[in-house]
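Asks: Quick note on the working numbering: the sequence shown kicks off at 259 and runs consecutively.
In short, the hints are calculated from the structure, not lab data.
Backbone N, C-alpha and C fix where the C-beta goes; we use that ideal spot for every residue, glycine too.
Don't take each hint at face value.
List time: in silico DSBU-like cross-link candidates among lysine-lysine, alpha-carbon distance up to 35 Å [unchecked claim]:
| hint | residue 1 | residue 2 |
| --- | --- | --- |
| 1 | Lys445 | Lys272 |
| 2 | Lys458 | Lys547 |
| 3 | Lys423 | Lys679 |
Pair by pair, the computed Cβ-Cβ distance ranges are [stated by the list, open to error]:
| hint | residue 1 | residue 2 | range |
| --- | --- | --- | --- |
| 4 | Phe359 | His263 | 31 to 41 Å |
| 5 | Gly635 | Val483 | 23 to 33 Å |
| 6 | Gly672 | Asp400 | 53 to 63 Å |
| 7 | Thr337 | Asn311 | 45 to 55 Å |
| 8 | Gly672 | Val326 | 48 to 58 Å |
| 9 | Val422 | Glu504 | 24 to 34 Å |
| 10 | Glu618 | Arg575 | 17 to 27 Å |
| 11 | Ala346 | Trp641 | 40 to 50 Å |
| 12 | Gly672 | Gly330 | 42 to 52 Å |
| 13 | Asp400 | Ser633 | 39 to 49 Å |
| 14 | Val422 | Gly672 | 27 to 37 Å |
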Amino acid sequence: MGSGHRLAAKLPTKIAGPPRLTINSEVATMEYLRLKASIPIPKVLTWSDDPSNPVRSEYIIQEHVEGVQLHGTWPSMSTHQHMLCTKAISFLIKEMAALDFPAFGSLYFSDSPIDHPIFWNTSPGELELYGGPSVDCGPWMDPSSYSLGLIKSGYTRIPQGYMVKDEQLPYRGSVQDHTELMKASQKVLDRLIQDSRIQKAASPTLIHADLHKRNIYVSPDDPTVVTGVIDWQSTSVEPAFTYCNETPDFASPPSESPLAEVDESAPDDQKKKLNDAKICHQPYDVYMKGLVPKLRQAMLLDPALFRPFLYCHTTWRDSATALRQELMELSARWSDLGMQGSCPYLPDEQQVANHAKLYEDFETVQRLKMWLRGSLGTDSDGWVPNDVWEAAKDAHRAAYNEWIETARNAEAKGDELTVEKADRLWPFDPR
Numbered sequence: 259m260g261s262g263h264r265l266a267a268k269l270p271t272k273i274a275g276p277p278r279l280t281i282n283s284e285v286a287t288m289e290y291l292r293l294k295a296s297i298p299i300p301k302v303l304t305w306s307d308d309p310s311n312p313v314r315s316e317y318i319i320q321e322h323v324e325g326v327q328l329h330g331t332w333p334s335m336s337t338h339q340h341m342l343c344t345k346a347i348s349f350l351i352k353e354m355a356a357l358d359f360p361a362f363g364s365l366y367f368s369d370s371p372i373d374h375p376i377f378w379n380t381s382p383g384e385l386e387l388y389g390g391p392s393v394d395c396g397p398w399m400d401p402s403s404y405s406l407g408l409i410k411s412g413y414t415r416i417p418q419g420y421m422v423k424d425e426q427l428p429y430r431g432s433v434q435d436h437t438e439l440m441k442a443s444q445k446v447l448d449r450l451i452q453d454s455r456i457q458k459a460a461s462p463t464l465i466h467a468d469l470h471k472r473n474i475y476v477s478p479d480d481p482t483v484v485t486g487v488i489d490w491q492s493t494s495v496e497p498a499f500t501y502c503n504e505t506p507d508f509a510s511p512p513s514e515s516p517l518a519e520v521d522e523s524a525p526d527d528q529k530k531k532l533n534d535a536k537i538c539h540q541p542y543d544v545y546m547k548g549l550v551p552k553l554r555q556a557m558l559l560d561p562a563l564f565r566p567f568l569y570c571h572t573t574w575r576d577s578a579t580a581l582r583q584e585l586m587e588l589s590a591r592w593s594d595l596g597m598q599g600s601c602p603y604l605p606d607e608q609q610v611a612n613h614a615k616l617y618e619d620f621e622t623v624q625r626l627k628m629w630l631r632g633s634l635g636t637d638s639d640g641w642v643p644n645d646v647w648e649a650a651k652d653a654h655r656a657a658y659n660e661w662i663e664t665a666r667n668a669e670a671k672g673d674e675l676t677v678e679k680a681d682r683l684w685p686f687d688p689r
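Please model the entire structure based on the sequences and the hints provided.
Replies: Set out below in structure tokens:
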């Protein structure tokens, strides 16, 4: 601006979420937290959720965040600074989680449904983009109605048979496979949600939906001081256990790091990164269990009790095999996990054997993703900073060629992996 002040403008894309609701909820959430907590959130100066305005788009205009993006400065920080920064962010999470709510859903300036992508089919390739319906978008007064909303959301993501591409790999599952899994999931969730331990771990909780390094700003003089947290889109009040599924990237456990497999011969910088991951995750885990009672209830329970809630609505996106694996593990461990009676999902030996073959392909895709994250420096969705896009694109192409060459050699030996199958297993679209 002419005065020297800087502002930030945000315009949503179609895949950001439901029209009007996404912008409205993001602004309401930011304003609520500015009033109720000491989290450094940029002030919203003006906004509109009406696309008929003079700009011809919904928008948010907010103060510019002071500081530098943590994603950019993290590599140059010392291990001690990483620890202190992790501690500072953990205390911000404590503030958010300490706020109490009577129900599950999104915050608004008036009563409206949830805008979280869990319940709106607006991710790339989902039917809402093309006019398909989303149903039961809340709010919900109890965990039972929330879990039923998940099941309904999962059903709406399953397309009609004529819309399914013929080239889908078997591990992704047919429309019938997904429909049967949704029916089984509903029965399983109904039983799980009756357990008092899960009810205690399902307290309505509000925590930033994407609290990763690229959404956190720190002081350029002292990167352990958080100066701003941005991108509150889709942040909503969820059962506490949903936040235990994914650790922020600044504190990811070594087992989730693309560098988890480095050995003694690895370069020193890779060993340092892996050691830092261990050092940052340990205090983060302690802080969450010690400072955030709502999360502690969930973190002390076996994750197998929660994963069906987390994956049932994304079965079409993530594959039938992914959800079936969670249901099979839960079924096999039902009594050991302290659940009464028998699990509503009881696969027979033939189903278990068929699943094992499909799960091999699913795991191959996951290993490819992890390999690409490490070699390209991306997040789990393939995101890279703009300034390294061209280099990442070239490296991605080289990695793809290497993978295809591996498949070509395997096919020549008569192995099961063919070039065609290898291409279909590749996790990212660009070739």
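Asks: A separate judgement is required for each hint: does it hold in the structure or not?
Replies: Here is how each hint holds up against the structure:
As the CA atoms of Lys445 and Lys272 are separated by approximately 34 Å, the hinted pair is consistent with the 35 Å bound. Distance hint between Lys458 and Lys547 is fulfilled; the C-alpha atoms sit about 14 Å from each other, no more than 35 Å. With a CA separation close to 15 Å, the supplied pair Lys423 and Lys679 stays within the 35 Å bound. For Phe359 and His263, the Cβ-Cβ distance of about 35 Å falls inside the hinted range of 31 to 41 Å, so the restraint holds.
As the Cβ distance of Gly635 to Val483 is approximately 25 Å, the hint placing it in 23 to 33 Å holds. Evaluation of the 53 to 63 Å hint for Gly672 and Asp400 yields a pass: the beta carbon distance comes to about 56 Å. Thr337 and Asn311 have their C-beta atoms about 49 Å apart, which keeps the hinted 45 to 55 Å range intact. Our hint of 48 to 58 Å for Gly672 and Val326 holds, since their Cβ atoms are close to 54 Å apart.
Val422 and Glu504 have their C-beta atoms about 29 Å apart, which keeps the hinted 24 to 34 Å range intact. At roughly 20 Å, the beta-carbon separation of Glu618 and Arg575 lies within the given 17 to 27 Å, and the hint holds. Here the CB-CB span from Ala346 to Trp641 is close to 24 Å, at odds with the stated 40 to 50 Å. For Gly672 paired with Gly330, a C-beta distance near 48 Å keeps the hint of 42 to 52 Å intact.
The supplied range of 39 to 49 Å is met by Asp400 and Ser633, whose beta-carbon atoms lie about 45 Å from each other. With their beta carbons about 31 Å apart, Val422 and Gly672 fall inside the hinted range of 27 to 37 Å.
Hint check: a violation occurs at hint 11 only; the rest are consistent with the structure.
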